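Colleague: Sequence:
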Amino acid sequence: MVDFLKMAQQVQEMQTRIAQMQESLERITVVGTSGGGMVRVEADGKAQVKKVSIDPAVVNPADVEMLEDLVAAAVRDAQKKAAEAAQAEMGKVAGGLDLPLPFKLPF
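In this text, residue positions in the sequence shown follow our numbering: the first is 58, and each later residue adds one.
Keep in mind that the hints were calculated from the coordinates and are not lab data. None of these values were measured; they are calculated from a predicted model. Relax, there's no trap hidden among the hints.
Result set (EDC-like, lysine to aspartate or glutamate): computed pairs, CA atoms no more than 16 Å apart in a straight line:
no., residue 1, residue 2
1, Lys138, Glu99
2, Lys107, Glu83
3, Lys107, Asp134
4, Lys149, Glu80
5, Lys103, Glu141
6, Lys103, Glu83
7, Lys108, Asp134
8, Lys108, Glu83
9, Lys138, Asp101
10, Lys137, Asp101
11, Lys103, Glu80
Label-pair distances were calculated between CB atoms; the ranges are:
no., residue 1, residue 2, range
12, Gly94, Asp60, 52 to 60 Å
13, Val109, Leu62, 43 to 51 Å
14, Gln77, Ala119, 45 to 53 Å
15, Gln67, Gln144, 18 to 26 Å
16, Gln66, Gly93, 48 to 56 Å
17, Asp60, Ala145, 26 to 34 Å
18, Val121, Ala65, 51 to 59 Å
19, Val59, Lys137, 37 to 45 Å
20, Val109, Glu141, 17 to 25 Å
21, Glu70, Lys108, 33 to 41 Å
Where a beta carbon is used, it is the ideal one built from N, C-alpha and C, also for glycine.
Kindly produce the complete structure, drawing on both the sequences and the hints.
Modeller: Dropping the structure here:
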């Protein structure tokens, strides 16, 4: 028989842990790069871009499309790293609870 009290306690504990995890993700910084590091994008663990740095050597007014591609690639790299950090944090949150992994984050 299912212990609903225990399940409710686990849900409440999970909600607390998720709130803590979201705060933790805001403090994490990941860096995505492209162009051999000439374009850098800093983001938090929620993949919110905080800073973009572009080496002046990569700026060519005659080839704006290349710069756009480098920025997009750096953003994708930062997003991938943020997703990996979020997955690691979610693993910590779910530790000790009888929940199936993996599951999608609420953001």
